[in-house]
Structures are given as structure tokens and as C-alpha cells.
Amino acid sequence: SQQVRGMATLKMISIRLKSVKNIQKITQSMKMVSAAKYTKAERELKLARPYGIGAQESYKKAEVKDEEGEKGQLIIAVSSDRGLCGAVHSSIGRIVKTDIAANLNTKVVIVGDKVRNILQRLYAKNIAMVVTEVGRKPAVFGDAALVAQSIINSGIEFSKGKILFNAFRTVVSFRTTEMPLYSQNAVANASKLPVYDSLDSDVIQSYTEFSLASLLFYSMKENATSEQSSRMTAMDNASKNAGEMIDKLTMTFNRTRQAVITRELIEIISGAAALETKN
Amino acid sequence: MALTRSALRLFSGRFTQACQVRGYADAPSMSLTFAAPSQVLYNNISVKQIDVPSFSGSFGILPAHVPTLAVLKPGVVTVFENDGSTKKFFVSSGTVTINEDSTVQLLAEEAVPVDTLDISAAKELLAQSQSQLASASSEVAKAEAEISIEVSEALVKACE
Chain B
43 SQQVRGMATL KMISIRLKSV KNIQKITQSM KMVSAAKYTK AERELKLARP
93 YGIGAQESYK KAEVKDEEGE KGQLIIAVSS DRGLCGAVHS SIGRIVKTDI
143 AANLNTKVVI VGDKVRNILQ RLYAKNIAMV VTEVGRKPAV FGDAALVAQS
193 IINSGIEFSK GKILFNAFRT VVSFRTTEMP LYSQNAVANA SKLPVYDSLD
243 SDVIQSYTEF SLASLLFYSM KENATSEQSS RMTAMDNASK NAGEMIDKLT
293 MTFNRTRQAV ITRELIEIIS GAAALETKN
Chain V
407 MALTRSALRL FSGRFTQACQ VRGYADAPSM SLTFAAPSQV LYNNISVKQI
457 DVPSFSGSFG ILPAHVPTLA VLKPGVVTVF ENDGSTKKFF VSSGTVTINE
507 DSTVQLLAEE AVPVDTLDIS AAKELLAQSQ SQLASASSEV AKAEAEISIE
557 VSEALVKACE
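Residue numbers (this note's numbering), protein chains in the order written: chain B, 43 to 321; chain V, 407 to 566.
Don't read these hints as lab results, they were simulated from the structure. Every value quoted in this text rests on a predicted model; they were computed, and no experiment measured them. What you were told as hints is all true, and nothing was included just to trick you.
Cβ pair distances, simulated, as ranges:
1. B:LEU235 <-> V:ALA549: 26 to 34 angstroms
2. V:ALA549 <-> B:GLN98: 28 to 36 angstroms
3. B:LEU235 <-> V:GLU556: 23 to 31 angstroms
4. V:GLN445 <-> B:LYS113: 34 to 42 angstroms
5. B:GLU175 <-> V:THR522: 30 to 38 angstroms
Every residue, glycine too, gets a C-beta built ideally from N, C-alpha and C.
Put together the whole structure using the sequences plus the hints.
In C-alpha cells form, the structure reads like this:
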């Protein structure tokens, strides 16, 4: 029976070894794909950065502040549909959860399925809108414009708002950041606004709508780059771990194989010795 | 006698105008950031003057311009650089912000140098959008066709 067990264990180990080797191949190829996507995303982000920073400048310079009022808070959580990218989605989900817990009158617009899955269980009532099919292809301005248009059309009102996304720092690090969002009333009541010439509500409305699309576009670009670099790191670690497992399994496999052979030899020899002594 | 007097008056008028121009040139320079979602044209570059087409009228921006926000109309943006050269870009839409400290953010949805425009393609686009308007059924489709016409008309004008 020991012999049978030895053979069965050998087969089990070799099956396990084969599957881990396959997994390592998959994670290595995912890493290559993410590396290529990351290079492209980083290039596009570099071109989009002056645009995104410029879009935030006007609100800073005009010293726009959140509207006084009880219309609640709007959070736009920017993320994507695909996983296996480290802490990208969970860091956003965590901050949204603490924000909702602090202020129950919060509406969340979710861009990307993964954050929806995180928030669905406890805060399904706070979810105003979910945008899917995000992350497969690089974002273009048209996508951000579409999301902005839907938010505007839905008529969500808010006194305080923010866009939550992962800002790209380096290949190995990203930071979850927020960009403030201001309602039209907040802009109209900005402390420095009287200094600005020839403004009417039409101009302010078009301006805030275009800014919303621009800021969303910028946050999507930053998030995409952070996601690809995080996935690259995660898949690299996974391949390394798989490699370690393969080494350990190979060791176990060889040891078990040798033990099986030794056992067979012992049985043969003791059987032969038993026959000899009988004679 | 009268001729010389009126000539003197003419000359003095022009002289004061020249003084005014010199006044503006001494003002602090203006830093322009002109970007589109996928390209950067100017990033905090000091320029002399910028002409922009906006829905509240086309206007030129010089240093120490009064702060304002405006929404861009399809048309040509002309940038007068410090070394005297001018560059023209066609923009489809966007916003322009002039701040108190003379920084200008020109954010365009799409911006292309005018010399890369093809006039025959622009005219074709205009014809297409006009037929679109004729066949438009809903309000939304009509509005979209009108926007298309506005952009293509501006494109044709920019090429000429």
C-alpha cells in the first residue's frame, strides 16, 4: 500500500507542477501585455497632463469654494472593469466607504465595474450611476464627454463634489487622489468672480460642463496609467511566486521519485534475501 | 495754414496712440497654456497676444487683460509669440480662462495647425452637414447637424 501511495503522490505532484507552470506562463504574458499598454498609457498621460492641470487652474485662481447647502455630496469614483491589478480598485472603494459613512447624503457615480462590486453590498442605495466597458481601450475625450453628459442629464444636485482616482507617480507607485468638483452655483458665488468680466449664467454653465468632461478625461488617463503599472507589478510578483512554487514542487517531486525507487529496491532485495534464507 | 494745423492734429493723435501701444508692451508678460486632450501646444509659455473666437465675440488677449472666462466657438486661434512670429490653430470648441495674474489657459477639444487643413475636405464636410440638416428628423439630430455646419463653415473660412 505504501508503494501505491508513493505512485499516487508522484502523479498528484506532477499534475500540480504542470498547472503551476501554466499559471506562470499566463502571468508572464499578462505582464508583457500590461508593460506594452503601460508605455502607451504613460505617453498619452504626458500629453494630457497640461490639459488636466490647466482645467483645474481656473477653479483655483478664482478661489471657488464648495456651495453652502445641504444638497449632499457627489463622488465620481474612477476605476475600471478589470482586476488583477493590485490595490487600484480597493483603495478607491475604501475611501468611498469612509466618505459615505461620514456623510450619508452622498451620491456616487461609479466608472468601472470593480468598484461597483465593492460598494454593492452595503451602499447600493448611494450608487447613482455606473459606467461599464471601461479599461479595455485607452480613454478618449469623447468617452469622458459621454459620462459628463449623462451626469448632467441625470440632474444630480450637489453642494460639494469630488473626483476620486489613482494619480500616477512612478512605475511602482500611485497615489489615490481627489480633485474638487464645483456646482454651477458654487462657481457663480466664487469670491473672486466679480473680478471676471462679461460672465453670464450661460457662459458659466457651458464652462462648468466642459470642465467636468475635461477633469473626467484627465482622471481616466491618470487612472489607466496607474492601473497598467500596478498590474505589471502584480503579475511580475505572481510569476516570481509561481517560480518559487515550481522550484519547491520540483524538489518534492524528485525526492518522492527517489523514495519510490528506493522502496522498490528494498522490497526486491528483501524479497530476494527472504528466498535465499529459505533455501 | 489750416492744412498744417489739421496735419499737426492728425500727427499728435497718432503719437498718443503710439504711446498707448508702448504702455501695453511694458506690462508684465502673459503665460499661455494651450492644450488639447491629446496634445500640448503651449505649456506656460510667455506670449505677446492671443486672438480667440468665442461665443461672446472674438477678442484679443494682451498681458493685463481683465480676468474672464469664455467658451470657444469653432474658429481660428492666433498666437503672437514673443519673437514676432504668429501661429494659427483651428479649434473646434473649448474654454479660455484669463486669470488675475495674467496666466491664460486655453483648453480646446481639438486643435490643429491651420496649414494642415485641406480645403476640399472641409467643403465636402460642409455639403455633408447641410444635407444632414435637410434630412434631420428629431430636435437632437437637427441640433447636431447645425453644430456640424457651424464647424465646417469655420473650417472652410480658416482655409481661405
